[in-house]
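Chemist: So you can see what is in the structure, the chains are spelled out below.
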Amino acid sequence: MALHDCDYGTPASDSSKKVTLEIDGFSVTVPEGTSVMRAAASIGIQIPKLCATDSLEPFGSCRLCLVQIEGGRGLPASCTTPVAEGMKVCTQNERLANVRRGVMELYISDHPLDCLTCSANGDCELQDMAGAVGLREVRYGYEGENHLKAEKDTSNPYFAFDPSKCIVCSRCVRACEEVQGTFALTLDGRGFDSKVSPSQNQNFMDSECVSCGACVQACPTATLMEKSVIEKGQPEHSIITTCAYCGVGCSFKAEMKGAEVVRMVPNKDGHANHGHSCVKGRFAFGYAIHKDRITTPMIRKSIHDPWRAVSWEEAINYTASEFKRIQAQYGRYSVGALTSSRCTNEETYVVQKLVRAAFGNNNVDTCARVCHSPTGYGLKQTLGESAGTQTFDSVMKADVIMVIGANPTDGHPVFGSMMKRRLRQGAKLIVADPRDIDLVKSPHIKADYHLKLRPGTNVALVNALAHVIVTEGLANDAFALERCEVASYEKWKAFVSQNRNSPEATESITGVPAETMRAAARLYATGGNAAIYYGLGVTEHSQGSTTVIGIANLAMATGNIGREGVGVNPLRGQNNVQGSCDMGSFPHEFPGYRHVSDFETRSQFESAWGVTLESEPGLRIPNMFGAALDGSFKGLYCEGEDIAQSDPDTQHVHAALRAMECVVVQDLFLNETAKFAHVFLPGASFLEKSGTFTNAERRISPVRRVMTPLAGYEDWEVTQMLSNALGFPMNYKHASEIMDEIARLVPTFTGVSFKKLDELGSVQWPCNEEAPDGTPTMHKHQFVRGKGRFLLTEYVPTQERTTSRFPLILTTGRILSQYNVGAQTRRTMNSVWHSEDRLEIHPHDAEQRGINDGDWVGITSRAGETVLRATITERVQPGVVYTTFHFPESGANVITTDNSDWATNCPEYKVTAVQVTKVNKPSEWQRQYQEFTDEQLALLKKRTAAAG
Amino acid sequence: MDIEHLVRMTNDIASFFSAEPATAVQGVVDHIKKFWDPRMRRLIINHYLEGGAGLNDISRAAIGQLERETASLRSAGDG
Numbered sequence: 001m002a003l004h005d006c007d008y009g010t011p012a013s014d015s016s017k018k019v020t021l022e023i024d025g026f027s028v029t030v031p032e033g034t035s036v037m038r039a040a041a042s043i044g045i046q047i048p049k050l051c052a053t054d055s056l057e058p059f060g061s062c063r064l065c066l067v068q069i070e071g072g073r074g075l076p077a078s079c080t081t082p083v084a085e086g087m088k089v090c091t092q093n094e095r096l097a098n099v100r101r102g103v104m105e106l107y108i109s110d111h112p113l114d115c116l117t118c119s120a121n122g123d124c125e126l127q128d129m130a131g132a133v134g135l136r137e138v139r140y141g142y143e144g145e146n147h148l149k150a151e152k153d154t155s156n157p158y159f160a161f162d163p164s165k166c167i168v169c170s171r172c173v174r175a176c177e178e179v180q181g182t183f184a185l186t187l188d189g190r191g192f193d194s195k196v197s198p199s200q201n202q203n204f205m206d207s208e209c210v211s212c213g214a215c216v217q218a219c220p221t222a223t224l225m226e227k228s229v230i231e232k233g234q235p236e237h238s239i240i241t242t243c244a245y246c247g248v249g250c251s252f253k254a255e256m257k258g259a260e261v262v263r264m265v266p267n268k269d270g271h272a273n274h275g276h277s278c279v280k281g282r283f284a285f286g287y288a289i290h291k292d293r294i295t296t297p298m299i300r301k302s303i304h305d306p307w308r309a310v311s312w313e314e315a316i317n318y319t320a321s322e323f324k325r326i327q328a329q330y331g332r333y334s335v336g337a338l339t340s341s342r343c344t345n346e347e348t349y350v351v352q353k354l355v356r357a358a359f360g361n362n363n364v365d366t367c368a369r370v371c372h373s374p375t376g377y378g379l380k381q382t383l384g385e386s387a388g389t390q391t392f393d394s395v396m397k398a399d400v401i402m403v404i405g406a407n408p409t410d411g412h413p414v415f416g417s418m419m420k421r422r423l424r425q426g427a428k429l430i431v432a433d434p435r436d437i438d439l440v441k442s443p444h445i446k447a448d449y450h451l452k453l454r455p456g457t458n459v460a461l462v463n464a465l466a467h468v469i470v471t472e473g474l475a476n477d478a479f480a481l482e483r484c485e486v487a488s489y490e491k492w493k494a495f496v497s498q499n500r501n502s503p504e505a506t507e508s509i510t511g512v513p514a515e516t517m518r519a520a521a522r523l524y525a526t527g528g529n530a531a532i533y534y535g536l537g538v539t540e541h542s543q544g545s546t547t548v549i550g551i552a553n554l555a556m557a558t559g560n561i562g563r564e565g566v567g568v569n570p571l572r573g574q575n576n577v578q579g580s581c582d583m584g585s586f587p588h589e590f591p592g593y594r595h596v597s598d599f600e601t602r603s604q605f606e607s608a609w610g611v612t613l614e615s616e617p618g619l620r621i622p623n624m625f626g627a628a629l630d631g632s633f634k635g636l637y638c639e640g641e642d643i644a645q646s647d648p649d650t651q652h653v654h655a656a657l658r659a660m661e662c663v664v665v666q667d668l669f670l671n672e673t674a675k676f677a678h679v680f681l682p683g684a685s686f687l688e689k690s691g692t693f694t695n696a697e698r699r700i701s702p703v704r705r706v707m708t709p710l711a712g713y714e715d716w717e718v719t720q721m722l723s724n725a726l727g728f729p730m731n732y733k734h735a736s737e738i739m740d741e742i743a744r745l746v747p748t749f750t751g752v753s754f755k756k757l758d759e760l761g762s763v764q765w766p767c768n769e770e771a772p773d774g775t776p777t778m779h780k781h782q783f784v785r786g787k788g789r790f791l792l793t794e795y796v797p798t799q800e801r802t803t804s805r806f807p808l809i810l811t812t813g814r815i816l817s818q819y820n821v822g823a824q825t826r827r828t829m830n831s832v833w834h835s836e837d838r839l840e841i842h843p844h845d846a847e848q849r850g851i852n853d854g855d856w857v858g859i860t861s862r863a864g865e866t867v868l869r870a871t872i873t874e875r876v877q878p879g880v881v882y883t884t885f886h887f888p889e890s891g892a893n894v895i896t897t898d899n900s901d902w903a904t905n906c907p908e909y910k911v912t913a914v915q916v917t918k919v920n921k922p923s924e925w926q927r928q929y930q931e932f933t934d935e936q937l938a939l940l941k942k943r944t945a946a947a948g
Numbered sequence: 001m002d003i004e005h006l007v008r009m010t011n012d013i014a015s016f017f018s019a020e021p022a023t024a025v026q027g028v029v030d031h032i033k034k035f036w037d038p039r040m041r042r043l044i045i046n047h048y049l050e051g052g053a054g055l056n057d058i059s060r061a062a063i064g065q066l067e068r069e070t071a072s073l074r075s076a077g078d079g
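For the record, the sequence lines run as chains U and L.
Throughout the first sequence, residue numbering follows our numbering, covering 1 to 948 in sequence.
Throughout the second sequence, residue numbering follows our numbering, covering 1 to 79 in sequence.
Derived from the structure by calculation, the hints contain no laboratory data.
Hints may contain errors.
Here are the simulated DSS-like cross-link-like pairs (lysine-lysine), alpha carbons at most 27 Å apart as the crow flies [unchecked claim]:
no.	chain 1	residue 1	chain 2	residue 2
1	L	Lys34	U	Lys787
2	U	Lys397	L	Lys33
3	U	Lys227	U	Lys149
4	L	Lys34	U	Lys491
5	U	Lys380	L	Lys33
Using the sequences provided together with the hints, build the complete structure.
Modeler: Here it is in structure tokens:
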């Protein structure tokens, strides 16, 4: 794969009208609105340029791209000059050459002449342009005033800023504005004094910079450069793969030097990210080679024994013998497996196959259980498919954007940037969130309505919005009556019309002023294309599924579904949440969302796998814990997931893990769950394996192996070895063969293959005979289930109530720089932005408790107690406190309870009644946690010594 | 498995389906059959047979129906 993409200089025009012109005697036809520079590039004529790049709007400052146009005056800049019918352009002649050389002379007269030792040597546009214009001398000398001694800023852990090399082309400033939307950079001063300035002349770390890398990507010189390139030199080849972090699923070029990744560069042709990235995907990949990686299998009899390093053969045989022993002793249903959304589709597929075919039961679940399982349930019930309805690009056609319980700029930053771009173009914004997330107010963005509701009242809010839409006659009856079940629609209208669902009646529940709810509902229903984006703030509640149903009801009632710019869009937390669900990782359904009791489906899998399959659903994650504690569940194979940290009611989870006889963890690191394990099987990072991830827009993207697995095997190979040892043969030679099997068995995947992904780059399912190139927008002409179905969504308050003993509501969330349990990002420099989980508390609540910013505070719930430092902020409302869960020692889940969504058992992470008090020492749980961790690390160390 | 927790889960399911009283009991039965592991179903049925403390009216009717269906399957040799 070539390292450098073709740069057309300016963005493409999407006009359908064509214009024909002549450039250097060649005829060219391009869409109206195309720049002369881009038109020339499209026929292979490269006009010299410095300030132009095709990810940014033209700026016309460098004066290098001047051209001569027949009949025109002067020498216009080709980047800012649009094509015109019959135009005749000359890009090269003596006059132009002289002007360009003169411009380059001025640039070079204030630029260090250290090309041979410069980090951009070989990848510098200034160097290229000097060559292109034939610069042979600089007449001005270097004695005059210059910027050569400007001080470097190395404060950012991932890139350096060397202003002595800056040509003030403004590409970085514009990238920060146009691509990222943060507006952290500016050009300070005028004329010769002009300089790039982060925020108010601060260094990068102290500025508002979010380290997305867009400025580094845009810089044509070595001014902004990755420290990894400064240290290691220019990469020599690249491989396109897919990011292993959030549900956006950005495409990246892994730029390599031999088998070493030098940098990850966002792929300009990536269909989800279009060349943009965030601080995690762009920079936080160093965990893959972190010293904490365990690359040798280990076993032990008891969790208080030292680990014994063993061969793969011994580890696999030991695991198989233990699972056979347990099943012989406790029955077929006493073992099960868990996968993670960090696993590829192929890995999750073979794990569920192992469970169903080799274990002989359906005890398989995945971490989507604790995040988006209500999405699967709610959308299946109403629309007929457990998936989001749109592409990410669809947001660019939305007129009204409603964000409910999601924080895209932190959780899904690249999509958040796209959303902000649309908002800056004028789309209206409704935010429903208990906190002041960044979207509520940030540079050039302001929510039209912020519905700052109380945690746990989503259903009441959604019902109130529906009430206004129906009772004020704003529903799209024509759509709903034609596309949906009429009886269900009429029943729903009667239900939401009841006065008890009105904004006035629910105001005391939600805390949102009735008039604000009414205005938001009117905007959603009448503002044009209206799209809903939601996240875990919707799903992780006791009524998570009900809210998802309510959201689908809103979209159907207003006709906001089935075309671009609208839809129901779940923002999936991790990269492969959608895919792991698609692959049959839930205990009640086979791949493709078909219930295990369905005879025809089961027969199909039985025939393909040559084994009789169980027709009853298996245990879900929380049920596995319950069964472990009552003695009926004894063996767990856990791939890539860290239930000991991520699942609620930590004490309960830890007790369940201790109660099992064989816990097998397959992971990169000795994570929290592995401390309770009897077998450790080393996992492979996303850089070490082949497969696919499916992002939040149903987009299947290739994961390509760029380096050899450190422990010798890709994860699916380990599962295959275990299956073979258990007596159920699997003989895949490559991950592509697993996808081929999936395509044979899953109707929505019949057109998917690695070959197709190589050809198209990515594809959105359904991809089959009816849609060979995939399906960007779902439910276009009819819903997957035929007619859309409205369901009634009665508001039922959570049982987790505040009392005088627990007067505050704790809600949890995530932060930009860290990812999920933090196992990856904590092992990168991302921790400089967030090195501990803190408790956000409103000044009023803090003052009442005598808490100052930075104080240690105890947070006590009905489930347990932990201690964090306090951050006093008005981002949270009085009565609500907030924390993240990226660090195990924080024990955020020590205080969350076992309450869960009624339909799916998705935990109610977002509502826990707590008390907060000032303390001066860690909690008892934290003390015990540290003791246990010290013991486990010592046992690991002993293993290292034993293995030599 | 904690029976109190299963009772709470059953009542939560009933709360959703009770929005449509005519189909509420069947809704709860279908949901539990579709999503609950058999050992969970056995536990809640046993609890029902022992008096079903804590189950609300719809839950009680649903688990009763589930028990009768399971019993008839068992007597037909499919249970």
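Chemist: Does each hint hold? Answer for all of them.
Modeler: Here is how each hint holds up against the structure:
no., hint, in the structure
1, L/Lys34 with U/Lys787, "22 Å, holds"
2, U/Lys397 with L/Lys33, "42 Å, violated"
3, U/Lys227 with U/Lys149, "20 Å, holds"
4, L/Lys34 with U/Lys491, "25 Å, holds"
5, U/Lys380 with L/Lys33, "17 Å, holds"
Checked against the numbered hints given earlier, this structure breaks only hint 2.
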